[in-house]
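Line by line, the protein sequences are chains L and F.
Numbered as in this note's numbering, the first sequence ends at 334 without a single skipped number.
Numbered as in this note's numbering, the second sequence ends at 831 without a single skipped number.
None of these hints come from the bench; they were simulated from the model.
There could be a bad hint or two in this list.
Calculated cross-link-like contacts (lysine-lysine; reagent style PhoX-like; alpha-carbon spacing at most 25 Å) [as the list claims (entries may be wrong)]:
{"id": "1", "chain 1": "L", "residue 1": "227", "chain 2": "F", "residue 2": "595"}
{"id": "2", "chain 1": "F", "residue 1": "451", "chain 2": "L", "residue 2": "201"}
{"id": "3", "chain 1": "F", "residue 1": "516", "chain 2": "F", "residue 2": "560"}
{"id": "4", "chain 1": "L", "residue 1": "227", "chain 2": "F", "residue 2": "713"}
{"id": "5", "chain 1": "L", "residue 1": "201", "chain 2": "F", "residue 2": "445"}
{"id": "6", "chain 1": "L", "residue 1": "215", "chain 2": "F", "residue 2": "445"}
{"id": "7", "chain 1": "L", "residue 1": "24", "chain 2": "F", "residue 2": "472"}
{"id": "8", "chain 1": "F", "residue 1": "603", "chain 2": "F", "residue 2": "581"}
{"id": "9", "chain 1": "L", "residue 1": "215", "chain 2": "F", "residue 2": "682"}
{"id": "10", "chain 1": "F", "residue 1": "614", "chain 2": "L", "residue 2": "201"}
{"id": "11", "chain 1": "L", "residue 1": "24", "chain 2": "L", "residue 2": "298"}
{"id": "12", "chain 1": "F", "residue 1": "719", "chain 2": "F", "residue 2": "682"}
{"id": "13", "chain 1": "F", "residue 1": "524", "chain 2": "F", "residue 2": "364"}
{"id": "14", "chain 1": "F", "residue 1": "581", "chain 2": "F", "residue 2": "614"}
{"id": "15", "chain 1": "F", "residue 1": "495", "chain 2": "F", "residue 2": "364"}
{"id": "16", "chain 1": "L", "residue 1": "215", "chain 2": "F", "residue 2": "472"}
{"id": "17", "chain 1": "F", "residue 1": "458", "chain 2": "L", "residue 2": "201"}
{"id": "18", "chain 1": "F", "residue 1": "383", "chain 2": "F", "residue 2": "401"}
{"id": "19", "chain 1": "F", "residue 1": "495", "chain 2": "F", "residue 2": "401"}
{"id": "20", "chain 1": "F", "residue 1": "383", "chain 2": "L", "residue 2": "215"}
{"id": "21", "chain 1": "L", "residue 1": "201", "chain 2": "F", "residue 2": "704"}
{"id": "22", "chain 1": "F", "residue 1": "581", "chain 2": "F", "residue 2": "539"}
{"id": "23", "chain 1": "L", "residue 1": "127", "chain 2": "L", "residue 2": "215"}
Footprint (simulated), chain L over chain F, 3 or more residues, beta carbon under 8 Å [said to hold, decoys possible]:
{"id": "24", "region": "395-409"}
{"id": "25", "region": "425-436"}
For clarity, every value in this text was computed on a predicted model and none was experimentally measured.
Think of the CB as a built atom: it goes at the ideal place given N, C-alpha and C, for glycine as much as any other residue.
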Amino acid sequence: MGNNEKKGNALTNNPLVNAIGTQKIVVVLVIILLAILFSVMSPAFRQYSTVVSIFDYSYYISFMAIGVTFPLITGGVDLSIGTGMVSAGLVGGYLVTFKGMPTAVGMLAALCVGLLLGCFNAFLAAKLELPPFIATLGSMMVARGIGSIITGGMAVTWPPSSDPSGWFRSIFKISVGGLNLPIGFLLVIIAVIVMSTVLNKTRPGRYIIALGSNKEATRLSGINVVKWQSLAYLISGLFTGLAGIAYAATFQTIAPGTGAGLELDAIAGAIIGGTSMNGGYGTIVGTLLGVFVMSLLKTGLPFIGLQANWQQIITGLVLIVAVLIDVIKNAKRA
Amino acid sequence: MGEVILTMNGIDKSFPGVHALDHVNLEVRKGEVHALMGENGAGKSTLMKVLTGIYSKDEGTITYEGKEVEFSNPRDAQAAGIVIVHQELNMMNHLTVAQNIFIGRESMSGKLINDKKMNEEAEKLFQKLNIQIDPTEKMGNLTVGKQQMCEIAKAISHDAKVIIFDEPSAALTEAEIEELFKIIRDLREKQLGIVYISHRMDEIKVITDRVTVMRDGGYVGTLITKDSTKDDIINMMVGRVIYEDPKTQSNVAKDAPVVLKVEHLNAGKMVRDVSFELRKGEILGFSGLMGAGRTETARALFGADPVDSGEVYVNGQKVTIKNPMDAVKCGIGYLSEDRKRFGIVVQKTVAENSTMADLDHYMSGIFINKKKENEVAQKYVDSLKTKTPSVDQLVVNLSGGNQQKVVIAKWLVRNCDILIFDEPTRGIDVGAKSEIYHLMNELVAEGKSIIMISSEMTEILRMSDRIVVMCEGRKTGEMDISEATQENIMHAATLRD
Numbered sequence: 001m002g003n004n005e006k007k008g009n010a011l012t013n014n015p016l017v018n019a020i021g022t023q024k025i026v027v028v029l030v031i032i033l034l035a036i037l038f039s040v041m042s043p044a045f046r047q048y049s050t051v052v053s054i055f056d057y058s059y060y061i062s063f064m065a066i067g068v069t070f071p072l073i074t075g076g077v078d079l080s081i082g083t084g085m086v087s088a089g090l091v092g093g094y095l096v097t098f099k100g101m102p103t104a105v106g107m108l109a110a111l112c113v114g115l116l117l118g119c120f121n122a123f124l125a126a127k128l129e130l131p132p133f134i135a136t137l138g139s140m141m142v143a144r145g146i147g148s149i150i151t152g153g154m155a156v157t158w159p160p161s162s163d164p165s166g167w168f169r170s171i172f173k174i175s176v177g178g179l180n181l182p183i184g185f186l187l188v189i190i191a192v193i194v195m196s197t198v199l200n201k202t203r204p205g206r207y208i209i210a211l212g213s214n215k216e217a218t219r220l221s222g223i224n225v226v227k228w229q230s231l232a233y234l235i236s237g238l239f240t241g242l243a244g245i246a247y248a249a250t251f252q253t254i255a256p257g258t259g260a261g262l263e264l265d266a267i268a269g270a271i272i273g274g275t276s277m278n279g280g281y282g283t284i285v286g287t288l289l290g291v292f293v294m295s296l297l298k299t300g301l302p303f304i305g306l307q308a309n310w311q312q313i314i315t316g317l318v319l320i321v322a323v324l325i326d327v328i329k330n331a332k333r334a
Numbered sequence: 335m336g337e338v339i340l341t342m343n344g345i346d347k348s349f350p351g352v353h354a355l356d357h358v359n360l361e362v363r364k365g366e367v368h369a370l371m372g373e374n375g376a377g378k379s380t381l382m383k384v385l386t387g388i389y390s391k392d393e394g395t396i397t398y399e400g401k402e403v404e405f406s407n408p409r410d411a412q413a414a415g416i417v418i419v420h421q422e423l424n425m426m427n428h429l430t431v432a433q434n435i436f437i438g439r440e441s442m443s444g445k446l447i448n449d450k451k452m453n454e455e456a457e458k459l460f461q462k463l464n465i466q467i468d469p470t471e472k473m474g475n476l477t478v479g480k481q482q483m484c485e486i487a488k489a490i491s492h493d494a495k496v497i498i499f500d501e502p503s504a505a506l507t508e509a510e511i512e513e514l515f516k517i518i519r520d521l522r523e524k525q526l527g528i529v530y531i532s533h534r535m536d537e538i539k540v541i542t543d544r545v546t547v548m549r550d551g552g553y554v555g556t557l558i559t560k561d562s563t564k565d566d567i568i569n570m571m572v573g574r575v576i577y578e579d580p581k582t583q584s585n586v587a588k589d590a591p592v593v594l595k596v597e598h599l600n601a602g603k604m605v606r607d608v609s610f611e612l613r614k615g616e617i618l619g620f621s622g623l624m625g626a627g628r629t630e631t632a633r634a635l636f637g638a639d640p641v642d643s644g645e646v647y648v649n650g651q652k653v654t655i656k657n658p659m660d661a662v663k664c665g666i667g668y669l670s671e672d673r674k675r676f677g678i679v680v681q682k683t684v685a686e687n688s689t690m691a692d693l694d695h696y697m698s699g700i701f702i703n704k705k706k707e708n709e710v711a712q713k714y715v716d717s718l719k720t721k722t723p724s725v726d727q728l729v730v731n732l733s734g735g736n737q738q739k740v741v742i743a744k745w746l747v748r749n750c751d752i753l754i755f756d757e758p759t760r761g762i763d764v765g766a767k768s769e770i771y772h773l774m775n776e777l778v779a780e781g782k783s784i785i786m787i788s789s790e791m792t793e794i795l796r797m798s799d800r801i802v803v804m805c806e807g808r809k810t811g812e813m814d815i816s817e818a819t820q821e822n823i824m825h826a827a828t829l830r831d
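Bound conformation, chain F alone:
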């Protein structure tokens, strides 16, 4: 770690009705990876928005390279060398990679844009970062991982001295995260200051030098990473120890009835001859790398994508699922990996979302029975401990964890016995995560059955009774939790033809 490059001191910010930041401090040194942690809503993003001039601060000082600064917009911050790699990727999908990287500062020949020069510049950047991306490819055609690399390249091309990574790993595979870390270490070598926002405790231990923890808009403290334990950090974040150990044996009786049987399912290129069984009260983990075909399998099973061939049995009965309506009739509920796109309607209320899959039962004649709707929504708000001021709150105003609970409520209202959780804790903070786990355990204890797709190894090992591993559209492994290890899962996940 070198000298201090950035100090934020006593930053205070209020919005009408909310004290968003309460005298928060942050110090970043050159050649340091500094983790900024806290539950969702702790104020991390707000703090970064104040830093980059999206919000103005009410109180406090920002010192950058020895001078007090106040940026009035992200562009000024960028020009000074402070750049954010956003959590929600900010890309223009219709433009090429190079056009995205150099947006706002195009190479010109007179009045015309010189795309050729920009492609060359981008190529040089990628070489410097040791990544292989075609600068002329349309951004929309890249994987999320590659898009993220482009964001980083964009940040570096701004001559950044401080780079803020806002949950960079949320959508990446283990392999892509490795690549990301390599780049981050490289940037650290080059004496950049790096702020790393993440919920993943394992990553924090691996990549960061110091950790600053925030809670409810306040500053809790700063630790040296290598001198502190996971529990130390989590305690600072939530004030209680919640980390659970991996499951060692299955909670499901050997003779528990099979509620779902899938045989030789084929759908497009990503689902090839997949067969598996799900027992009553079981959590069946689906592990694999990104692009293994797990989400595609779930979507095909749920009728969201067309199936080419294969048979599905629910409670021993052969069923034909052509669309999600059929699936729901069979008692299958799907919780999408991408809540905002597929799971909930963010501009609707908690109550409206809760009854969305089962509205027929909440009608009086041709009108929606608001009272009945509110009652059932309230019931699940209570039982799932969803944090919302009321069932009339718009879902967009809830945190990620609570949004996920609304999705769960939706399928519980519909009385689904088979629930497919696709990346149930993606983008959810540690506290809410542990609640979701608890909830899933309660659901299976009540006799529901769960398919859980997860890219987080720890999650798979902590929750599953049995594990199916996929690679390139095929099932490449199946094991009981008692015999599962990170190593044999990873081995199966990389079994290619």
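So that you can see chain L by itself, here it is in the shape it has in the complex:
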């Protein structure tokens, strides 16, 4: 009966707002408000170097978050991206620093580690149909262990930017006349554009959304759900590799055994950006905005005197509020 007669899902009658999505507008407002708040409360925040540092910390989370948006849209999750990213950075750096291989080989190796991890997750979650949470929780631990074993438990230092083989760092940041330009952001934007197109305009994207919305119906439509679900994890893996490179470019050294917990920053970013944990819905632009909120909080809170523990609390609350908005919106819709 009437239960099925849902009203239109738009909360407003403004076509522009509906096109962009209410959640994204809220997130943009939050970003602007946070920026104003931090600027007013701390003069030090209003410096160019702060902006650069916000960008610096956003690259690796951005890549992870763009990637993990795909498993999330299928209704799954990928918990292995944090330790996977660190592993990728470790393995690549190990080859460059300890084995004397060219930087490009190290970067390629990092991507391969990510992709292998994606394959492993795809096999477990899509082919064997393990619950994605369990499958990737397992691979998260596996990835952490493997990274440490390959480097023999040693920390890895990728070549510094002063070294000619440290050229990869200038993909993300270049110095022009003493001024640091965070050009890595351009890479992130390109990734967002490409992956948005893949998600919204190509068959793989369409099928990933479809199977997240109703897997059985998608299967009955004659679509190979195992293949497309696998692809979601492969994309996540590839971006884990990319994040590994960005991570290596951002930090001087990478310590083995770390990375656990970083996946949660990325997942939180995607969720704040409006991706549904139940699958079927999510946007890459939203994810990027969500990551920006996270990154802004991480960089900005110390400026107003709130240290690590407070950052955790506030970031957690922001996440809860973001999801709450979604829940309330859905309740109104029903």
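Once you've looked at the hints, dock chain F against the given chain L.
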């Protein structure tokens, strides 16, 4: 009827422990609507799954367009022109109508999907079918009826030559069914072969040309619809005559005490100033079209949805029901229209479901008393004649009718005196239906009182002592069964402001 397009001959299929299909035959001609009937579990769905390649057959032949075929998956069957419109709607709610219809065969411009072209194609399809749906609307925002139309459009867009409708009318209003029939007749004109699976005898008479009946996985026979009576068909299905006539007068004494009184209930847009009384031992039928606000009224009364205003009296006492827990304390039980979503936990056993609403009484300290639970579950399995191998059986393995009995048992265990049955026989086969009716009559004879929401006119007229009719959230009619007719109910059901 034209030439034969599809023949299934001697189809046999076994699963471990079950002989699901025992040499079944089915012949479909061009320009024919062929009913496939049988109780739940008779093997209709299995037969269709064999046809479309979801299951492989053990024996028998399928001849389609003069050639022997064997499809290995639904996609192959689809490509050949055999399409199922599923009973459980198979839609991706987050995608648009057009995206759903063309899933798996999107229009492309190079590597990119051309949504604009797909919207145009969908629009053309809808025009051909004479239905009005916006192709860019998200599927989840459509009514069940509209979603079904989209399924049909999807089937037709596959250049289908044989369309199988698996209980298409289960969730539709009378008006939507009319629209569906119009489309089906149109498809028949166009010389498609149509297999129509339904439990509703009235529809079979109206829309089909021939009927094939199955029972317990076996083939019983095929009849020409217009030469056979309802009783003929039902006899073939169950082997006994069960059709009952409408009730002519109320079984409730005029002075029977009022057990439930609802005054000026308002809840959201779908429940507006609804007042009614329920007497002891009465079956109060709630009739109306889809979206009339009957389920919403029941849910508001039960505390499942927030109430804006209004008063509720149980046995003369004013009560405040803020949530289902309060309602249950007042002795009100609600049997949802959507069993799988709200009524039962399908992955739990019969026993666990039976005591779910009253677990406090089945505890020993902090542990559930399994023995006591099984005893009471068994008691109601016996008294309701629930067909289950044991009370430890998972509910998911029971048929629709037996699942409904488990829900009834749940509220009886809780000792509820006021039971709200929301579409009690939806998706239940004729045999089980008649048992549910019998059971409801027994319950009121024992002094329970029942509110029965039903979209089936025959059900309302057969069961109710009194009838409340709703339209667009308001009560638009109330009548004793002695003065109720299909016409005056329908009149009240379409009374708009």
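**Report entry** Those earlier numbered hints the structure runs against, lowest number first
**Finding:** 1, 4, 8, 10, 21
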